[in-house]
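Q: Chain by chain, the residues run as shown.
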Amino acid sequence: MRPPLVHLAFGVLFGAVLAASGAADFEAMRRMLRFERAHLFVLAAVTTGVAAVGFLLLRRWRNRSLLGQPIKWTKRPLHRASIPGALVFGLGWALSGSCPGTALVQVGMGQLVALATVAGVIVGLVLYRAVNERLFGLPSSSCE
Amino acid sequence: MEPAFISPWLAGVLTALVAVTYAGVTGWMLGVSGLFDAALRRRVSNEDLLAALEAATLAQFGEQPGAAEGPATAPSDRNARRWFLPGMLLGGLAWRLLSPATGLEWGTLGPSMSLWLPSLGARVGVLFGSGVLLGFGARMAGGCTSGHGLSGVATGQRGSFVSVAVFWTVATALSAVMNRVAGR
Amino acid sequence: MACPKAEGCALYELFTSRALLGVWKTYYCLGQHENCERFKRSETGQEIDDTLLPNGQSLQPVKQR
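Chains as they are written, first to last, in the numbering used here: chain A, 21 to 164; chain B, 38 to 221; chain C, 691 to 755.
Keep in mind the hints are simulated off the structure, nothing from the lab.
Watch out, some of these pointers could steer you wrong.
For the chain C half of the interface with chain B, some residues (derived, Cβ under 8 Å), not all of them [what the hints assert, rightly or not]: (1) L710; (2) V713; (3) Q722; (4) H723; (5) L742; (6) L749.
In silico negatives: residues of chain C with every beta carbon more than 10 Å from chain B [said to hold, decoys possible]: (7) P694; (8) E697; (9) W714; (10) F729.
Since the model is a prediction, treat every value here as computed from it, not as a measurement.
Backbone N, C-alpha and C define an ideal beta-carbon position, used for all residues, glycine too.
Work the whole structure out from these sequences, hints included.
A: And the structure:
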């Protein structure tokens, strides 16, 4: 199966599961951030727990992906920009109740106003690239 | 009215399965902000790139006997990765079509958003501004909720634990402040 | 001493044919990595384009057709 289709298919699965779980729902997210409902906390905990086990098993089982590439265990070290970056991200998250991924899912679900979020994400990414080199000289994010 | 969601336990297992299978099939760790970043980079064909490398190698090192031989280049799927993003959009659409989700409108993310920002213009403005913060912050921190929160934490990356702790705390704190200000 | 960043270096991910890259790897990654432009930039926090070669040259794709 051709790579673009494979990535597309996984995107569909991921988007659908996010939508089904309520992670893309503004109200649900608001309630989680206000500690009114544990729903999304449970989701986060279960996801990372199961994924941790899954990744461990994957690592033992194979080091090449089915498409033939070596599996890239991306390193995400703590660096100078980590904390300020996370701070900025957290602000955006609280204001929109979304993240870059769930904004896409929202658009797919018909909440077209989330296109504004997506546009903002793109602008933010481009802005960071432009600004970092000139002003901050902070380490680039992981070499992906 | 509450849209029907699947149980968080089931959703958690499914999400994790998608992430792990994605790595197993494509070799990539799931991370949406990284994908946005990859999608914004120039798209280059592999043959062209290989030809350029041959030329550069020749220029720098001269003739390298046997260097051009070796396994044929399999297409790198750097360009293919960007298709994940429209996939997510379709995934949301698929859920909308399949599920009993009700009360979804195009112009707002929810009733409490409309209460907070009564005009469409305000909502668009706030969402755009939030998006800029999300994009900028994610790039700065090297990941977002899927990159750090899912992949990073699940693979034990220290930078991810810290990033998640910080952005979750900040988001919670700001929500509390917004709550206070709104008097609710 | 081998370059500490060789493992995660994006340049390797661009190609799955290692033969040509092997030449660069021997000279830079396993040899004089301090001269590698990618290494230098990663140390000072500059943006590193995927197609940046260790000698500072940017890979300009040559149209094949």
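Q: Would you pick out the hints that fail for this structure and give their numbers low to high?
A: 3, 4, 5, 9
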